[in-house]
Structure formats: structure tokens, C-alpha cells
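Trainee: Here the protein sequences come in this chain order: A and B.
Position 257 of the first sequence, counted from 1, bears residue number 257 in this note's numbering, the numbering being contiguous throughout.
Position 141 of the second sequence, counted from 1, bears residue number 510 in this note's numbering, the numbering being contiguous throughout.
It cannot be assumed that every hint is accurate.
Computed list of lysine-lysine pairs in DSS-like fashion (alpha-carbon distance at most 30 Å, straight line) [said to hold, decoys possible]:
{"#": "1", "chain 1": "A", "residue 1": "Lys93", "chain 2": "B", "residue 2": "Lys810"}
{"#": "2", "chain 1": "B", "residue 1": "Lys851", "chain 2": "A", "residue 2": "Lys201"}
{"#": "3", "chain 1": "B", "residue 1": "Lys694", "chain 2": "B", "residue 2": "Lys607"}
{"#": "4", "chain 1": "B", "residue 1": "Lys526", "chain 2": "A", "residue 2": "Lys225"}
{"#": "5", "chain 1": "A", "residue 1": "Lys225", "chain 2": "B", "residue 2": "Lys668"}
{"#": "6", "chain 1": "A", "residue 1": "Lys225", "chain 2": "B", "residue 2": "Lys694"}
{"#": "7", "chain 1": "A", "residue 1": "Lys230", "chain 2": "B", "residue 2": "Lys607"}
Short, incomplete list of chain A residues facing chain B, as computed with Cβ under 10 Å [to be verified]:
{"#": "8", "residue": "Leu34"}
{"#": "9", "residue": "Val180"}
{"#": "10", "residue": "Ala189"}
{"#": "11", "residue": "Phe192"}
{"#": "12", "residue": "Val195"}
{"#": "13", "residue": "Ser206"}
{"#": "14", "residue": "Leu215"}
{"#": "15", "residue": "Gly220"}
{"#": "16", "residue": "Asp224"}
{"#": "17", "residue": "Val249"}
{"#": "18", "residue": "Cys318"}
{"#": "19", "residue": "Ile348"}
{"#": "20", "residue": "Arg352"}
{"#": "21", "residue": "Met368"}
Hints listed in this document are in silico derivations from the structure and should not be mistaken for laboratory results.
Here the structure is a predicted model, which is why all the values come from computation and not from measurement.
From the three backbone atoms N, C-alpha and C, an ideal C-beta is built for every residue, glycine too.
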Amino acid sequence: MTDEVNKGTSTLSVHIDSIKVKEVLNEGDTLTFLIVSQKLSGTGECPVDRTYDDFEWLQQHLFSQEDVPGIQGVIFPPLPGKAQVNASVKVMKQLGFLGLGEWQPYCTALETFLRQVAAHSILSKNQAVETFLTSSDPPGRQKVKKNIFNRLSQAMVEMRTEGHKDVDEFFQTERDHNLVLTGCTKNAAERFLDVVQTQQKIATASGHFSTALHLCIEPGEDPDKQAFSKICAEFSEVFESMKKNMTSVAENNVSTLGLSLDLESRYQEAEKEMLLRRTCKLVELETSRRNAEKAKPVKKAALEEVRKAAETEFEHICGVAKQEITQLQRSRVEAMKQALVQLCEKQIHTARESADQFNQHLQAFRGMA
Amino acid sequence: MADAARDPPPDRTDFQELEDGEDLFPEPAATQESEPASLPAADISTNSNGPKHDSLFDDDPEDLFAEATEEVSLDSPEREVLLSDGPSPAITPITPPTSVITPRIGNAHDDMFTHSSFDEIEEEEACDSFDMHISVSDPEKVGDGMNAYMAYKVTTKTSMSVFKLNEFSVKRRFSDFLGLHSKLASKYLHIGYIVPPAPEKSIVGMTKVKVGKEDQSSNEFVEKRRLALERYLMRTVKHPVLLKDPDVLQFLESSELPRAVSTQALSSAGLLRMVNKAADAVNKMTIKMNESDAWFEEKQQHFENLDIQLRKLHASVESLVCHRKELSVNTAQFAKSAAMLGNSEDHTALSRALSQLAEVEEKIDQLHQDQANGDFFLFSELLGDYVRLITAVRGVFDHRMKTWQKWQDSQFLLQKKREAEAKLQGANKPDKLQQAKDEIKELEGKVQQGERDFEQISKTIRKEVSRFEKERVNDFKTIIIKYLESLVQTQQQLIKYWEAFLPEAKAIS
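Make the full structure from the sequences, and use the hints.
Mentor: Below you can see the structure in the form of C-alpha cells.
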């Protein structure tokens, strides 16, 4: 979901589209990601090593930009969950598609994250982004103290404000819609993951069968034995082909629709968080209005100031939020479209390849005396 | 053809099988073939399968006996020996028009019979080339409750001369098939013919059907059984000797068939059978045969290996089938979730595309199910059949060992008698001497017969194994080709589905 419109306002020194998470290295306990981007100035590549903690550092910096007006209306590009070496079953389950296949989908997800941050008109202006992408030293690991995402109170806030009626129909609709869509997307992603994992099981089982057949091949000159051995050898190959086919089908699923559903899911969470923040601000604003109204003359002026500030902030947030939401709608439709088209094309390609291979095997068998 | 001869008086058959400890017990026994009771004493008794016994002395066999060796008279004790392992299967009351089937008995004058041997039967078969197709169809539930059973229609289409019509059908139930197998096994297994095992009995499966549970699993069960019965019959008739057997012909042609009662699942007969099998196993371990023929040793090892390999393959396929079924379930669930997603989607084109995706996935689910059935019905069942067939083959090898043992026993006995006779020479007991001489003569006959039996069974097994191996190769090839065709078709269907979907996906804007 690259934000095309905002490209021109990036302050980064690298091409956004060139950002690649190339490799992941397993260094003992931690995973280290090799990130490479091309310099705008044309002077070559800019490789950096980053761990997950560095990604979190970046995210914290983005969250803590309190001075940026309307920052709370931003739908922050979602960072994938932490990938661990020898991760527990629970962690792997939470990662879903990202936990599959030797971290390749995970790298793709990180790459998407970086590109979206880099392309975001407001976020890309933060120095932290440039530092993350270009500084040869790992960025500082100190925890950034205050940010708008104080998770501890998040749950409580959610409970109190989720049902709060909105003043703006656009936002009320969006909140409702987000709720429904989040559930559906998550469900679809989980079911699709089940499909992919079963396909992988079939691939493995086909491999085993192929091996078992191979063991049936017996040496010897007895013509009947030879005939049967020949059959086993060729049939063993058939199951190798089946294994390849299933593996391909599963990979196609993951790399297109799988990743897409995963990203959708995380983005919907991000949007939900943004809407919640806005609603909180709304509650704050309404409270400040009431306070100002009921104030005794002594306090009135001060409370009026508070009310005005709240109003301005809320306006900024709404402004940014509306933009973000519109932007999101456009990009997610585009992303889904691409995912579906690619899924289709890849599966057609795989099916054609497999059909050819199976046909070859078929001819071989028909030709056997 | 004496029809009366063909229909075994049921109680006699029962008695028969009890004595012989044959396959009264359904499942494993149906595959492990029935041999005469392992207790050697029973062998020498006058038990002969009733019907066969009768038919031997009906109609034409008289002629065959006339040509037979002079040593064998109809009432001589030798006859008992010859008949003790079950009747000669080579003699059937149906005399095929052009060939003379050699009596196994009385092969002493080989030169007389070289023209009428198994070889010739095979030649006849080649000329009268195998043109027969049997289908088992229209499973129909008859009756209610626990007494209910499934009746299957058995249709035979053939141009072979041994049948009266070109196309005919009968109604049979599962126990009829088991009964047929039981008869064939008792007649042919112990002389070296590989009798195809009948499909296995399944108490669980049948109970569901009886109780009237009309769900997918009981439908699958009936379908699985129907196909298994079809394969069983086809294998049986492909065997040139079994095809001519009167029981087989009766099974295929006659509208009424006496019920095979000894196939009840849990019965005292079954228990007896199990006991006999155990005794058998012990006996087998103590027969140490001096194998003079390397061919047999090698083949025995070969079949042992094959058994292990096939069982492994079978297990692998079952695992594959299981996963495929799982995939089908998961795909269906994903299709539902995609449809829901499409419904909650605002964007019209995306919504439509997602709904289409759901439909595509549903179709793919159907493909997965068909593929799973293919894996299963084609493959897993084939492997299961062969695992059981191999067991029958190994049983036949065991019979050869038993036959050898019998021959050795006779020889040993003869030796003893000769020693006793020598002792009596000196003593003045003309009566006892004469008796000894008589006994010796009898035993000499037995020894000779034992040797002949052994040679015959060895010869038969060689032929059978060769036929079996060829069949095996063909069977597998045929099934594999069918399987590959289905694989290709599945891929082509997938291409069609995705190609239909592509424009929908591209239309999203």
C-alpha cells in the first residue's frame, strides 16, 4: 500500500521503492535483518543491519511526535509482531502467515512497513526514519518514555469509549464498518492459513509416499521384477511432481492473498486504534465544553482556553483522520486487487506446469510395454 | 450337469468347514487362506467336500478315471489319501467343449497326459481370449433392523462359450461372495492356486447401514464395498482355472443361491477357526524344509519383502487421503469466510470479486474431494487388495511345505514298516508278514502320491506366481494411468476456474 500521492514530500535521502529487506541472519538468539536502499543521489547502495528492537525504536519515535498537529489522526503503518528464534507455538500462531517459510513472508512484511512509513507525508519527516534507513550504527536503544500509545490504559479506554456516539456521521459509519470488517478479515485470514498449512502437509505426505515407492525398486534380471520396479520408479517421480505442485500452490497462496489478508488485518487494527484516539479526544472535548459552560466566572477564562485548545486539536485530528481514511480505502482496494490478480496468475501458471508434468508421466506409463 | 451336486447341503458344508477349520471367521480368515485343519490326523480322514465328492463320480469323470493309473481304483484306500486334502479341483463336472482337464489324481503315466495339462488349458484360454466384464451395481437395502442386508446386482457381459448367455444378472448379498470364496479356497488353495481373497467383513460399517444411517460415511462404505466386490469377481474370473469352476459359474448365473451360513461374524465356528490358525502357526514353525529349489526360496523372500513394502505404501496413502479430506474441509470454510468478507465490503467491485473468489474456492473444494476419492478408491484399495493377495500367495507356499512334509512323513513311515518287515522275515508269523507286506505296498503308493503331489503343487505354484506377477504389473499400471488422468484433469479444471476469475479480479478499480 505505497502512498503514491505523498512521495514528492518525502525528506528521505533514499528511493522509497528501493527499500528492501534482503536477508535475515540468525545470530544466536536474535534475528538480524539486512536492509538495503538506493541513494537518491545515485551514489549507490545503503546497507544497514537492524534487529526487531530497532524497528520498535523507530515506531516509538513515530508515536511520540506530540508537537505535530493532528498526529493522533494518523493511521500508523502496523509493525508485525516480534519474530523469535525458536519461537513458541503461541507466538508462531500469532504471527500467522508471517511465521511460515523461513521468515521470507516476514521480511516482506517488514519491507512493506518501512516503505509505508517512508512514503507517509507526515511520518517520513521524522528524523528517526532517515536515521533508521541510513545510519550505519544501530539507532539508540534507549526507550522513549512518553508516547500516545500508553498501552496500559488502552484497554480501559477502549471499554469506555468504544460505544460513545459520534457527532459526525462519516466517522460513526467508519467506526461501525471497521468493527465488522476487522472480524471478517481476521476470520478469512485464519481460514486461509489453515488451507495453506494443510497444503504443506499434503506436500510432505506426497514426499514420503515418493520415498516409500522408491524403496520398492528391486534390482534383478527377472523381467517381472524389472517391470514392477520400473513402475515404482516412475510412480515415485509422479509423487515428487505432486509434492512440487502442492508446495508451489501453497507458496502462491502465501505470497499473494496470504500476505494481503495479513496486512489488511493489521491495518484494520491500526485504523481502529486511530478511531479510538479520536473518540477519546471527542470525549475530552465534550467534557471541556461542559466544564467551560458550568464554570464559575473566576475559572471561566481558563476553562475557555482549554476548550478552545481541545477544539483545535480535535479539528486537526479529524482533518488528518479523514485524509488517512480516504487514503486507506483507496490503497487497500488496490492492494487486494493486486493480490487477487497475482494469486490468479500464479495459480494458473503452477497448474499449467503441473498439468504438463503429469501429462509427461502419463505418456511414460502409456508407453510402458 | 448335476445341479444337485453343485448345491452343497448346507449342514454338510458346515461340518466340512468345521473339520477343516476353514474360513468361517470373517475378516482375517478371508485373507489368510483356509487350509485343511492343521492337525495332521484330520488330513487322513475321509472328509471330502460333499458336493465335489459326489460330482466326481457323476457324468464324465468316469472316463477320466478309466484312463487313470491302474493303481487307483475307485474304492481303494489311496482314494482317501487323494481326497483328504479336499477334492481334486482339476476335475470339474463341467467339461469344457474343447479341452480335457487333467485329473490331478493318477498322473503316474505322464506321457498319457501331456496333451491335457494346465498348459493346454492356458492355450485354450488364449484362443478363447478373455472377454468378460463383471459389474457390481445397484446396492439395495433389503429388510429392516439388524437382519437387514445389502443386495447387489451382479451383471456379467461376456462372449465366452462356457456361459449360456451373453449378458445376465443376478442378485447377491455380501455373504454370498464370502461363501464363494470359501468354497474356492477349500478346493484350490491347498494345491497351489492363488485364490483371490474376498473383501473384508466390517461389523461397524454394516451396522451403520442396517440401522439406516443415511450419511456420507455409510454411503462411502457401501460404495467402497461395491467396488471391492467388483474387483474381487474380476480377479477371480481372470484366473483360467477358477473361471471354469462350477461354483463360480453358479454364482454368476443362477438366480437362487443357498445361503452361506458359516460366515456369521461371531460364531463358534469362527472361534474354532482361530484356534486352528494358531495351531497352524506353531506347526509352520516346525517344518524345516530342505529346499532343493532355489527358485522357491527366492520367491518366498521376494513375497515377504513385497508384503512389507506394500503395507508401508498403504499406510502412506491413508495418510495422504486423510490430509486431502482435511484440505477439502478447510477450503470450504475459507470459501465461507471469503463470502462473508465480500458481503461486508463496501467497495462494489471488490465485494463482487471476493464473492467470486468464494465461489472459486468452493469449486476447488469439490475438486479436492474428488481427488481424495481418487487417491482412496483407486489407490488405497488397490494396495489393500494386494496386501491381502500376497497373504494368499504366501499361504500357497505354506501349503507346498505341508505337502512336502506329508510326503516326508509317508517316507518315514515306509522306512519304519520296512524295518519291521525285515524283522518279521525271520520270525515264523506268516499272517503278520503278509499284513506288513500289504501295509508296505499301501505306503509305497502313498509315498509315490506324496511325491507327485509335491511336484504338482510346485509346478502349479510356478505358473501361478508367474501369472500373478504379470497381473500385478498390469493392475498397477492400469490404476496408475487412471490416477494420472485424473491428476491432469484436476489441473485443467483449476486452470479453467482461475482463468474465469481473473477478469473479475482485474476489474477491481
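Trainee: None of the hints should be skipped; say for each whether it holds.
Mentor: Status of the hints after comparison with the structure:
Straight-line distance between C-alpha atoms of Lys93/A and Lys810/B comes to about 84 Å, which puts the hinted pair past the 30 Å bound. Between Lys851/B and Lys201/A the CA atoms are separated by roughly 24 Å; this keeps the pair inside 30 Å, and the hint holds. Of the supplied pair hints, the one linking Lys694/B and Lys607/B is violated, its CA atoms being roughly 34 Å apart against a limit of 30 Å. The hinted pair formed by Lys526/B and Lys225/A fails the criterion: a straight-line CA distance of about 33 Å is larger than 30 Å.
Of the supplied pair hints, the one linking Lys225/A and Lys668/B holds, its CA atoms being roughly 11 Å apart against a limit of 30 Å. Between Lys225/A and Lys694/B the CA atoms are separated by roughly 34 Å; this puts the pair beyond 30 Å, and the hint is violated. Annotation: proposed proximity of Lys230/A to Lys607/B holds, straight-line Cα distance about 24 Å (limit 30 Å). The interface hint given for Leu34/A is broken, as the beta carbon of that residue sits about 34 Å from the closest beta carbon of chain B, more than 10 Å.
The criterion of a C-beta within 10 Å of any C-beta in chain B is met by Val180/A, whose closest approach is roughly 5 Å, and the hint holds. The closest approach between the C-beta of Ala189/A and any C-beta of chain B is roughly 9 Å, which is under the 10 Å cut-off, so the hint is satisfied. For the restraint placing Phe192/A at the interface with chain B, the shortest Cβ-Cβ distance is roughly 5 Å, inside the 10 Å limit, so the hint holds. Using the Cβ-Cβ criterion of 10 Å, the hint placing Val195/A at the interface with chain B is satisfied: the shortest such distance is roughly 5 Å.
With its C-beta approaching chain B no nearer than about 7 Å, Ser206/A sits inside the 10 Å limit, and its interface hint holds. Because the closest C-beta pair between Leu215/A and chain B is about 6 Å apart, less than 10 Å, the hint holds. For Gly220/A, the shortest C-beta to C-beta distance to chain B is roughly 9 Å, which falls under 10 Å, so the interface hint holds. Restraint check, Asp224/A versus chain B: the minimum CB separation of about 4 Å is within 10 Å; hint holds.
Annotation: Val249/A was flagged as interfacial toward chain B, and the flag holds, the nearest CB pair being 9 Å apart, inside 10 Å. Checking Cys318/A against chain B by beta carbon gives a least distance of about 20 Å; that is not within 10 Å, so the hint is violated. Because the closest C-beta pair between Ile348/A and chain B is about 5 Å apart, less than 10 Å, the hint holds. For the restraint placing Arg352/A at the interface with chain B, the shortest Cβ-Cβ distance is roughly 6 Å, inside the 10 Å limit, so the hint holds.
Hint status for Met368/A relative to chain B: holds, with the closest Cβ pair at about 6 Å, below 10 Å.
Violated hints, listed in ascending order, are 1, 3, 4, 6, 8 and 18; each of the other numbered hints is respected by the structure.
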